[in-house]
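Trainee: Now for the letters of each chain:
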Amino acid sequence: MGGVGESLRESAVINLTAATTMVVDDSAFGLDLTCQALRGFGIRTSYTCQSAAEAMEILADQPIDLLVVDCEMPSVDGYELVRWLRRSTKANAMAPVIMTAAHIRRSKIAEARDCGANFVVTKPFSAATLLERIVWVARDVRPFLEVGDYFGPDRRIRDEGPPSEERRATVIRKAAFDAEQAAQTAAKDNV
Amino acid sequence: MIDSPGGVSVGVALAQARANIESKRAEAMAIVDVQIAALESVVPPLSLDDQGFRLTEAYRAANAVIDAASPFELLDLCGAASGLCDLIDGAPADETFDWRIVTVHARSLRLLQTLPVEETEARSTVLDSLKMVADRKLPPRA
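Those protein sequence lines, which keep their order, are chains U and D. Number 2 in numbering that gives the first Met the number 0 belongs to position 3 of the first sequence; there are no gaps in the numbering. Number 51 in numbering that gives the first Met the number 0 belongs to position 52 of the second sequence; there are no gaps in the numbering.
Worth flagging that the hints you see were computed from the coordinates, not collected in a lab. Remember, predicted model here, so these are calculated numbers, not experimental data. Using N, Cα and C, we set each Cβ at its ideal position, and we do this for glycine too. A few of these clues could be false.
[Stated by the list, open to error] Mimicking DSBU-like on lysine-lysine, the simulated pairs with C-alpha atoms at most 35 Å apart in a straight line are: (1) U/Lys187 <-> D/Lys136; (2) D/Lys130 <-> D/Lys23; (3) D/Lys130 <-> U/Lys89.
[Said to hold, decoys possible] Derived, one-sided and incomplete: chain U residues facing chain D with beta-carbon distance under 8 Å: (4) Leu7; (5) Glu9; (6) Thr19; (7) Leu30; (8) Leu32; (9) Gly39; (10) Arg43; (11) Val120; (12) Val134; (13) Arg141; (14) Pro142; (15) Val146; (16) Gly147.
[To be verified] Stretch-level coverage of chain U by chain D, calculated; a stretch enters the list once three of its residues show a Cβ under 8 Å from a Cβ in chain D: (17) 21 to 29; (18) 101 to 114.
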């Protein structure tokens with residue numbers, strides 16, 4: 000558990016300081032622990048909520064870059080919160096979501112798969128695993144799909160594996176191409 | 000965003016996160032103690048109607064043990080608590096739950112909490128006993 004995941008190199012540099020992050024957990028201690036781990040990664044948690052209702056009020060109109068949410072919560076649980084997020088908000092419908100769970104009930108396994116989260120991490124997990132998932136969602140280029148009741152990232156991840164350096168390179172190439180196109184358009188407009 | 004200038008190396012980020020989490024160890028151990036006590040004090044249900052509520056109480060306590068113990072890699076405690084969650088979750092709602100399962104898990108968690116780390120054989124024995132309970136009580140996975 001202590002090692003860095005395969006897709007993370009100890010020497011790789013990450014910058015998450017600008018990420019607007021929300022953590023939702025009904026346990027005050029769980030909330031604190033997650034925030035402590037995130038702080039270590041250079042992420043200052045912008046919003047901490049102890050209930051889904053509290054989170055919904057903020058998520059309705061405040062855009063965020065990352066949501067870390069506990070699955071098991073009284074009243075509205077994490078699955079319902081994520082399903083609501085994907086379906087009911089314009090600001091955050093495509094926001095990256097990592098769900099954490101101490102234990103997933105059998106009756107909730109389908110819900111965990113179908114609610115629209117990017118990743119579900121079951122405990123015990125290490126700081127390395129959490130960071131790895133954050134890097135994955137930051138580099139996640141999976142398209143969002145709407146299929147029946149499902150709205151969320153393409154779940155067919157098994158064939159391609161997690162977001163890798165190669166896929167990151169694709170994103171960088173695309174960004175460079177877009178910038179080049181924009182520059183050409185601007186040059187034409189100036190003529 | 001993640002690739003913008005500045006930031007920290009993965010190695011430094013992980014070292015910082017682990018140090019931050021480690022500073023919470025004493026608090027976590029106190030929570031584990033409270034949650035095991037909560038599990039020990041769950042009253043056995045008197046009727047089938049009452050059973051769901053009591054099992055939810057026990058499930059929540061076991062869940063909270065995992066929450067507090069997992070960041071510190073206390074895998075024995077997490078395994079025992081997770082086993083109880085599996086057993087409660089897998090129990091048919093219309094059948095009487097064998098409450099000895101909750102009792103034996105609460106006692107085992109207390110034992111695992113108090114046993115010195117180096118008592119690996121005793122720890123394994125406790126976990127093996129709990130696994131036997133799970134194997135007997137849970138339907139085979141599809």
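Trainee: Now, for every hint given, state plainly whether the structure supports it.
Mentor: To see whether the hints hold, each was checked on the structure:
1. U/Lys187 <-> D/Lys136: At roughly 74 Å apart (the allowed maximum being 35 Å), D/Lys136 and U/Lys187 break the hint.
2. D/Lys130 <-> D/Lys23: Roughly 30 Å separates the two Cα atoms, so the pair holds.
3. D/Lys130 <-> U/Lys89: Cα-Cα ~47 Å, so violated.
4. Leu7: holds, 5 Å
5. Glu9: Nearest chain D Cβ about 4 Å off; hint holds.
6. Thr19: violated, 10 Å
7. Leu30: violated, 10 Å
8. Leu32: holds, 5 Å
9. Gly39: holds, 3 Å
10. Arg43: violated, 13 Å
11. Val120: violated, 11 Å
12. Val134: With a closest approach of 7 Å, the U/Val134 hint holds.
13. Arg141: violated, 16 Å
14. Pro142: U/Pro142 check fails; min Cβ-Cβ to chain D is 19 Å, beyond 8 Å.
15. Val146: The hint is violated - U/Val146 has no Cβ within 8 Å of chain D, the shortest such distance being about 25 Å.
16. Gly147: Since chain D brings no Cβ nearer than about 24 Å to U/Gly147, farther than 8 Å, the hint is violated.
17. 21 to 29: holds (count 3)
18. 101 to 114: Result for this restraint: holds, n = 5.
Consistency with the previously given hints fails for numbers 1, 3, 6, 7, 10, 11, 13, 14, 15 and 16, ordered from lowest to highest.
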